[in-house]
Amino acid sequence: MDLKKFRSKSPWLLHYNTGSCNGCDIEILACLAPKYDLERFGILNRGNPKQSDVLIVTGPVTKRARERLIRLYLEMPEPKVVVAVGACACTGGVFRHMYNVLNGVDKVIPVDVYVPGCAARPEAIIDGVVKALEILERKRKDFVPPKVCKNLEVKEPVNRKFFLEKCLGVKNGS
Amino acid sequence: MGNRITIPFGSQHVALPEPIKFVFQTENERITSVEVDVGYVHRGIEKACQTKFKYTQVGYVVARVCGLCSISHTLAYVTAVERLMEVEVPKRALYLRLIVSELDRVHSHLLAMGHTAEVAGYENLFMQTFRYRETVMELLELLTGNRVQYDYACIGGVNRDVTPEVAKTLKERLKELKEKCLWIKDVFENDLTLKYRWKGVGVVTKEMAKEFNVVGPPARAAGLETDCRAEFNYLPFDEVGYKMVVRKGGDIYDRNLVRAYEVLNSIEMVENALDSLPQGEIKVPVKGLPDGESFVRVEAPRGELFYYVKGSKKLVLDRVRIRVPTFANIPVMKELFIGMDYSDVPATVISFDPCLSCTAR
Ligand code: SF4
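Those sequence lines, one after another, are chains B and W. So in full-length UniProt numbering, spot 62 of the first sequence is number 62, and the numbers just go up one at a time. So in full-length UniProt numbering, spot 143 of the second sequence is number 143, and the numbers just go up one at a time.
Possibly wrong hints are sitting among the right ones.
To be verified - Between beta-carbon pairs, the in silico distance windows are:
| no. | chain 1 | residue 1 | chain 2 | residue 2 | range |
| --- | --- | --- | --- | --- | --- |
| 1 | B | E75 | W | Y196 | 37 to 45 angstroms |
| 2 | B | R138 | W | T169 | 40 to 48 angstroms |
| 3 | W | V166 | B | N48 | 56 to 64 angstroms |
Just so you know, the hints here were simulated from the structure itself, not pulled from any lab data. Backbone N, C-alpha and C define an ideal beta-carbon position, used for all residues, glycine too.
Here chain B stands alone, though its shape is the one from the complex (with noise of 0.2 angstroms):
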């Protein structure tokens, strides 16, 4: 089997916080605590962005975590959503047009699916995962992968743009 079957029947988490008042945290804990049982659709909550498919974004992107929030996104694998979890991470909520505050996840980076609420009720999370998950299948049949390069024999050390020149067989600049 591949890897593809595993991530449409396993999607991982990663769930980062960039400035929300724990409301909306706790109640993702929620969500995979007992009551709820989120990890019953195979999903599960991992710190790690280089393995995950859904990333969950709780709070209003202060000017620290904006850094933070981009390097996530950029860290994780193509193809890849963005959940958007509270009011605050939809819009800014109460923070909105705070002194720290960039307001909503979406002026940072694109965003998939928005759950509203202040704080989101679990249900509404599941449910925003799980539209999540149909995006994210939507996404993976009209993927494109990125060109890949051609393996190079490299005998002598060669400068970067040359190489790069070589392997995408394009002439630099043209």
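Please build the complex by placing chain W with the ligand on the supplied structure of chain B, with the hints as guidance.
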């Protein structure tokens, strides 16, 4: 001279739900120095309370400082403004506030205990604790209409009354909850593995607690008798059977036991309050503008919460100052880390139950 290693921990980490950054310098697994950075979630709430929001709205804004103890923040602010404006709050409203704030304590303590269990490797106990915590959440939803942000207290009273049917259901479910909490207390007190793991780890002595001004369950676990519920008169705690829980050990084990006993005491208090709920209004109209200054100390689940409010006959307040319990506990944490094994760090941090949203605001 051993192996010197620098271990960064955070700001995004598998074990941490909140962004906090530690940089540990270790030497042969022993920590020699530590740096803490807590400012990732700073939003500027104090400033916004002084510029953007009217004094009647601030109660709902400060609830968003922290989702775990939102009622404590609202309660503190509301009490401070009521003292400024000399509002006589009806007895029934005070009782209802007490009920919600104690239920909030129950859920927060259960969360903290479950989290400590998880860090010690007890996944099952964590799940059980969370399962029982859901009961409290349901009760709170029944009572206030929301699971996390209650927005229950307002200036002059409370926003929502409790009907006899709800009170009846509450009492029934509380009985159920009490048994479960007794079971949890039993496990935390008598389980041999947990004892071995937690006894004598991260000890805060009484002198240390006094010197660093520790608050909340860590202080009470170290034998320091400090509790705002007994010291500052903001709700009628002595009428409903409040007992202070003090233990001597000061280690992780005792901190958890303080929480376990407090949970039982809180449930008892809620039961008593429901039995002797006075009749009458739940809210009085408030006229005029706040003038002068006042401060309030409230016992949040994590310890003493301090609010200072200053107004000068304007719709917008001059100053709102918040001092949160975690802020008071950080110095002693830093002191504890030095000389400790690195493997004990997560359990110790979690047993203090830090809340960074509160600290950074
Ligand atoms: S939406 Fe509400 S509960 Fe969630 S992080 Fe924002 S203020 Fe907190």
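Cross-check of the supplied hints:
1. Against the hinted window of 37 to 45 angstroms, the Cβ-Cβ separation of E75 (chain B) and Y196 (chain W) comes to about 39 angstroms, which satisfies the hint.
2. Here the CB-CB span from R138 (chain B) to T169 (chain W) is close to 44 angstroms, well matched to the stated 40 to 48 angstroms.
3. For the pair V166 (chain W) and N48 (chain B), the beta carbons lie near 44 angstroms from each other, so the given range of 56 to 64 angstroms is not met.
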